Structures are given as C-alpha cells and as structure tokens.
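K.L.:
One letter stands for each residue in the lines below.
There are 2 protein chains.
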Amino acid sequence: MTRRVRLALVGLGNVGKAFLGLIGEKEAVLRGRYGLELSLTAVADSSGGLLDPAGIDLPALLAHKTASRGVGSFAGGTPGMPAPALAAQADADLLIEASPVNLKTGQPGLDCVRVALQRGMGVVLANKGPLVHAFAELTAAAAAASAGLAYSATVCGALPVINIGRRDLAGCTIHRVRGIFNSTSNSILAAMARGGSYAEALRQAQLDGIAEADPSLDVEGWDTANKLVIIANSVLAQPARLADVTPVQGITGITVGQVLEAKERGQVVKLVATAELGDRGYRLSVQPEWLPHDDFLAGVNGWEMGIVFETDIMGLQQFKVDERGPVPTAAAVLRDVIDLISPLPIYRSTNYQEASCLLPRSL
Amino acid sequence: MTRRVRLALVGLGNVGKAFLGLIGEKEAVLRGRYGLELSLTAVADSSGGLLDPAGIDLPALLAHKTASRGVGSFAGGTPGMPAPALAAQADADLLIEASPVNLKTGQPGLDCVRVALQRGMGVVLANKGPLVHAFAELTAAAAAASAGLAYSATVCGALPVINIGRRDLAGCTIHRVRGIFNSTSNSILAAMARGGSYAEALRQAQLDGIAEADPSLDVEGWDTANKLVIIANSVLAQPARLADVTPVQGITGITVGQVLEAKERGQVVKLVATAELGDRGYRLSVQPEWLPHDDFLAGVNGWEMGIVFETDIMGLQQFKVDERGPVPTAAAVLRDVIDLISPLPIYRSTNYQEASCLLPRSL
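Respectively, the protein sequence lines represent chains A and B.
Residue 102 in our numbering sits at position 101 of the first sequence; the count goes up by one each step and never skips.
Residue 147 in our numbering sits at position 146 of the second sequence; the count goes up by one each step and never skips.
In short, the hints are calculated from the structure, not lab data.
Treat the hints with care, since some could be wrong.
Copies of the same chain are indistinguishable here, so a pair counts whether it falls within one copy or spans any two.
[To be verified] Mimicking EDC-like on lysine to aspartate or glutamate, the simulated pairs with C-alpha atoms at most 20 Å apart in a straight line are: (1) K18 to D295; (2) K66 to D245; (3) K105 to E213; (4) K105 to E221; (5) K66 to D53; (6) K264 to D53; (7) K66 to D92; (8) K105 to D313; (9) K264 to D92; (10) K105 to D323; (11) K66 to E290; (12) K66 to D313; (13) K105 to E265; (14) K66 to E26; (15) K105 to D245; (16) K264 to E38; (17) K105 to E138; (18) K18 to D313; (19) K18 to E221; (20) K264 to D295.
Note that this is a predicted model, so its numbers are computed, not measured.
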C-alpha cells in the first residue's frame with residue numbers, strides 16, 4: 002500500500018531543485034522501500050508562489066527554473082506571493098524550508114515554519130536561520146502541535162551528525178564535540194597548503210562553484226558557528242545563540258606563510274568548532290587551530306566535513322563525509338521526510354519481497 | 002513523570018555485568034532525560050535463573066557475581082533454570098539477551114528471543130548468534146507481535162553502524178560497505194607491525210584482556226563475518242547467512258615479515274569485511290587486505306573499529322570508534338532500551354528544565 006504525502010516547498014535554490022530531482026529519481030525506492038509517494042502541492046521562491054492540491058508537474062517546474070524563471074511566472078503561479086502566505090494556504094502534510102539563510106532575522110523562513118507548525122504540519126528544515134534564531138520556540142511549538150520538526154540537513158548535509166548526537170549517543174555525557182563544518186573554508190585552507198594565496202584560493206573556490214559570490218558567511222566562521230549553535234541546542238540540550246559562541250574567528254586572517262610553516266612542522270591549519278563541557282555547561286567557540294598531523298580533524302581534507310564526539314560511556318567517535326554539490330543536502334532532507342512520515346523503527350521487519358528496490362533499477 | 006520499565010537479562014558475562022552497572026550509574030540521567038526507571042525483574046546465567054517482579058537488588062547481585070558465584074546460588078535463585086524458561090515466566094517489558102555467541106546453533110539465546118517475542122516482549126540483543134542464525138524469522142516474529150527488536154550493540158558496540166545504515170542512509174543505494182569490525186585482530190596486526198610475532202601479539206592481547214582464551218572466533222574472521230551477515234540482512238536487506246560470506250579468511254596465516262614488508266611499502270595489513278553491490282546483489286567477503294596508507298581503514302588503529310559507506314546520493318561516509326572493555330557495548334544495549342521504550346523523535350522538544358541532567362552529577 003502506498004501513502005501519498007503532500008509537500009510544500011519554500012525555496013528553489015540549489016538544494017530545493019536537487020530535492021525535487023530526487024523525488025523523481027527515487028520514485029521507485031520511495032514506493033517500494035517505504036510505501037511513499039511524494040507529491041508537491043505548493044511551492045514558493047522569491048518571485049511568488051503556486052498552489053496545486055492535485056500535484057505540481059515537477060519536470061515542467063524544473064525546466065522553468067533552469068531557464069532562470071521563477072515560480073511567479075509558472076502556469077498557475079501567483080507573482081509576489083509571500084512564502085508565509087503559501088505556508089498558511091498549502092494543502093500539505095509537510096513543509097520543507099530551503100530558503101537562503103538570513104542571519105539577521107531568520108526570515109522569511111522563520112515565519113513559514115511558525116505558520117506550518119501552528120497548522121499542525123510537520124516541518125523539515127534545510128535552512129539554519131529559523132533554528133539559530135528560535136530553536137526553543139520552534140521545538141516547543143512542534144511539541145505543542147504534535148508536529149514533526151526535523152533538521153538533519155542543516156549540519157554537514159548527509160552526514161547524520163544531529164541524529165547520531167540525539168539518538169545514538171542516548172544516555173551519554175558528551176565531554177567535548179569538535180568539528181569541521183564548512184567545506185568552503187576547508188578547501189581554501191587546503192589550496193593555501195598547496196601554496197596559493199587566500200585570495201587566489203577563494204577565487205578558485207568561487208570558480209569551482211564551492212564558495213558563494215559573497216563568501217563572508219563561510220570564511221568568517223558564521224556558517225560554522227550557526228551549525229555549532231544547532232548542535233548545542235539539539236544534541237547538547239544547551240540553549241545557545243550566536244552571541245554565545247566566542248570567539249567566532251574565520252580564516253580571513255590566515256596567511257599562506259602560516260599555513261606552509263605549519264605544514265613544515267607537521268601541522269595542519271583547520272577552522273574548528275568546539276563545544277567543551279566545563280562547570281558552567283558547554284563553552285562554544287569557532288577558530289582556526291593548528292592541529293597535529295595525526296588529529297582526526299587534520300585528516301578531514303579538502304571538500305570533506307567531520308566531527309568528533311568525546312563521550313563518557315561510548316568511547317571516542319569520529320565521523321567524516323566527502324560530499325559535493327547540493328544533492329547530499331537534498332538527500333538529507335529526503336531522509337528527514339521519510340523519518341517523519343514513515344520512520345523505520347529498528348525493529349521493522351525487513352521485507353525481502355521489497356528488497357530488490359534496494360538495488361539500482363537496472364538490475 | 003517516570004515510567005518503570007521491567008527488564009529480563011539473560012547472560013551475566015562482561016557485557017551483562019557492565020549493563021547492570023550502567024543502570025545504577027545512569028539512574029539520574031535515565032530519569033531526568035528520558036523519564037525512565039529501569040528495574041531488573043528476571044536474570045539468568047549458566048548456573049540458573051532468578052525471578053523477582055519487585056526488582057532485584059543490583060549491587061548485591063553484582064557483588065555475588067564478582068565473587069565468582071552464579072545466579073543459581075543467589076538469594077531466591079533457582080539453580081539449573083534454563084534461560085528460555087526464564088524468558089517464558091519473566092514479568093518484563095524487555096528481554097536483554099547477552100549470552101555468549103554460539104555459532105553452531107545460536108542457542109540458548111535463539112530460543113530466549115523466540116519465547117520473548119511470542120509473549121510480545123521487546124528484545125534487545127548484544128548476542129549476534131540468534132541474528133546470524135535466524136534474522137528473517139526473528140524480524141518477522143517481532144513485526145507479527147508488534148514487539149521491538151533492537152541489536153545495535155552487535156556490530157561495533159557503541160558505534161551506531163546499524164542505526165546509521167538503516168535510518169540515516171534512508172533512500173540511498175549503498176554501493177559498497179567496507180569495515181574493520183574486530184578489535185582483537187586489529188590490535189594483533191598493530192602489534193605485529195611493531196615487530197612482534199603473531200603468537201607473541203596474541204599472548205599479549207590475551208594478557209591485556211582483549212582476546213579470549215579461545216581466540217579462534219576473532220582471529221579466524223568469524224566474528225567479523227557474523228557482523229557482516231547482520232549488516233547484510235538489516236542494512237542492505239539482503240538475506241544472508243554465514244555460508245554466503247566467501248571467503249572468510251582470518252589473520253592466522255599472516256607473518257610478521259608480510260606486515261613489516263607492507264609497512265616499508267607504505268601499506269597496512271588489515272582484516273577487512275566487504276559488501277559490494279554487483280548485478281546479483283551484494284558480494285560478501287572477509288579477508289586480510291593490503292591497504293594504502295591514506296585509506297580510511299588503514300587509519301583505524303589498534304583497538305579501533307571503523308566502517309565506510311559508499312552511497313549514491315549521500316557521498317562517502319566514514320566512521321570510526323575508539324572504545325575499550327565491555328562498557329561501550331553495554332551502553333549500546335542501554336541506547337537500544339531507550340530507543341524501544343522512549344524513542345527520542347527528532348522533533349521532540351528539548352526540555353531545558355531537564356538539561357542539567359546532561360551534565361555530570363558533580364555540577
């Protein structure tokens with residue numbers, strides 16, 4: 002039996018488009034393995050909104066966006082419709098919020114999430130802004146509405162940092178978390194270790210499509226700090242805001258000379274986020290660190306991101322991911338959709354009749 | 002509000018004893034963070050069984066075991082009571098099966114699990130035997146009874162390999178899994194790389210309490226193959242038995258000369274489990290491999306265990322753990338108990354009033 006799940010999507014940037022692509026690409030897997038049929042019934046970007054309870058034609062919408070045109074000019078679209086208005090009207094089971102991070106206010110994503118939760122819709126976030134601004138408010142609203150709120154895509158994309166921290170380290174005291182959460186900074190530092198200047202490395206990262214035109218969020222440490230704030234609130238249960246992360250120091254002050262000198266001494270310069278448990282809770286910081294070569298984070302290379310959990314009863318756990326482009330983050334959004342709608346309890350019987358859908362379709 | 006959860010425990014070896022220790026040590030965390038009070042109402046070891054619906058005195062039981070005496074001679078115990086009989090009579094919400102692995106039949110653990118599931122009790126396994134022998138039967142029985150069946154402790158202890166594979170890689174096609182799952186073999190190979198002979202390295206591992214008196218399960222690759230079979234069934238949804246793993250080749254044939262020669266060439270010898278997707282499903286194998294120095298598994302050192310997932314849409318994900326002694330495996334059992342009784346949905350609101358229980362008790 003297949004269950005039709007109606008989705009509202011806010012934000013049609015790289016992650017939003019990649020997510021719509023995955024709905025098509027993974028149709029058979031979703032149906033066979035999880036009994037789900039995902040249908041887009043509402044979508045908004047900065048140009049406007051579109052509501053269609055019968056389900057929007059995804060290939061047509063993606064072709065429209067690829068031609069650099071917005072939802073407002075798509076057949077049936079309403080130019081200028083604000084995203085929160087879409088969230089208020091959508092016939093949907095889940096809202097997916099994938100609009101750009103707004104560090105100052107978290108808007109318009111924050112209002113979209115508020116509206117959806119008030120209506121009892123579940124919410125999946127790819128956008129860190131609303132969580133960084135209002136974690137306690139949103140988790141309380143979700144609990145009050147018995148609505149799902151998932152955000153595993155907001156920290157390290159497909160690497161399940163949030164889920165491991167919240168579910169798999171159950172019962173632990175986490176003494177320390179250290180991580181490399183920003184692949185733009187990490188790849189710039191790697192390019193500098195090969196002898197390029199900061200400016201050259203940044204320009205190359207922009208040409209490669211890694212860094213944004215305005216890279217300040219990445220290279221000044223704010224993207225990393227955002228992710229640390231989400232980890233603090235969700236995994237460490239410590240209410241924290243950006244102002245609680247001190248220092249937030251990026252890599253803009255790092256010189257090639259420093260990076261090469263470190264290399265000669267067998268060290269590696271990395272932009273590291275740390276949460277360390279002390280007698281007043283966790284101390285949060287983001288700053289460049291000179292790591293010995295055998296530190297796990299020193300081996301988180303180029304594009305990679307990684308995290309280290311130091312625990313009391315579950316040992317030292319170290320994770321990294323090599324993922325590129327928007328697809329892995331979109332895949333994390335898909336994971337959260339599956340988790341909220343059709344969670345796979347660990348005791349669920351494996352249905353061998355359905356096992357073939359684990360294999361590529363060509364088999 | 003606190004919920005009392007009644008546990009039946011079969012097996013009081015190192016993991017079983019460590020689990021009972023954790024119930025005491027984590028009492029405040031379990032109550033504060035998860036609203037749980039764990040009470041042992043039935044216990045069995047090879048000497049007999051003990052039933053007490055009011056809750057067994059854990060410190061007294063642990064002191065009795067520490068004095069090398071069995072459950073059969075503990076106050077109220079029944080000498081010679083078979084574990085499946087205990088499972089049939091226990092007043093318990095969950096059965097925890099932590100008896101030694103029996104590769105030939107999976108007994109008596111297998112019958113304990115069957116009986117518990119038939120009675121609708123949830124089951125948490127630390128023992129691989131029943132899963133390796135009867136994965137499909139047990140998962141079907143659990144589904145039919147709507148009873149929980151969790152076993153994250155059976156593969157890599159506290160490293161959440163099974164949970165990541167089943168829940169966090171949702172929607173993926175996993176092209177290849179590679180792992181180092183046996184720390185005894187891994188530490189013996191490390192000792193050989195420092196120049197010791199296989200026999201010396203094994204003796205030292207036995208003196209250090211890493212290796213069993215009969216180390217054949219570990220060094221001949223069967224423990225690794227067991228874990229690969231569990232991953233194949235649960236994560237890869239491929240019905241598999243031990244006979245499907247070919248070859249199963251351990252490290253007993255590896256010479257110090259080979260290990261040192263590899264080192265000179267910049268390689269590392271590791272005992273590697275592999276599941277590789279081909280046109281007839283996954284091909285499963287366990288054998289020593291000569292890995293280049295920069296392979297992630299080459300950096301899984303000494304006591305560590307690790308795993309690599311190669312996926313289609315979630316990138317390359319690499320995990321390792323440094324864990325020692327029985328506590329991390331017991332902690333994984335505790336994680337499964339929490340997960341089955343009081344799962345922490347990822348949308349559950351963080352209760353800041355309870356956040357202090359995340360900190361050590363001294364704070």
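K.L.:
Determine for every hint whether it applies to the structure shown.
P.N.:
Here is what the structure says about each hint:
no.	hint	result
1	K18 to D295	neither (39 Å within a copy, 35 Å between copies)
2	K66 to D245	neither (39 Å within a copy, 48 Å between copies)
3	K105 to E213	within (18 Å within a copy, 58 Å between copies)
4	K105 to E221	within (15 Å within a copy, 59 Å between copies)
5	K66 to D53	within (17 Å within a copy, 67 Å between copies)
6	K264 to D53	neither (57 Å within a copy, 63 Å between copies)
7	K66 to D92	neither (23 Å within a copy, 61 Å between copies)
8	K105 to D313	neither (37 Å within a copy, 36 Å between copies)
9	K264 to D92	neither (56 Å within a copy, 62 Å between copies)
10	K105 to D323	neither (30 Å within a copy, 40 Å between copies)
11	K66 to E290	neither (41 Å within a copy, 48 Å between copies)
12	K66 to D313	neither (49 Å within a copy, 25 Å between copies)
13	K105 to E265	neither (41 Å within a copy, 55 Å between copies)
14	K66 to E26	within (18 Å within a copy, 56 Å between copies)
15	K105 to D245	within (15 Å within a copy, 57 Å between copies)
16	K264 to E38	neither (51 Å within a copy, 52 Å between copies)
17	K105 to E138	within (17 Å within a copy, 55 Å between copies)
18	K18 to D313	between (41 Å within a copy, 17 Å between copies)
19	K18 to E221	neither (27 Å within a copy, 49 Å between copies)
20	K264 to D295	both (13 Å within a copy, 17 Å between copies)
Hint check: violations occur at hints 1, 2, 6, 7, 8, 9, 10, 11, 12, 13, 16, 19; the rest are consistent with the structure.
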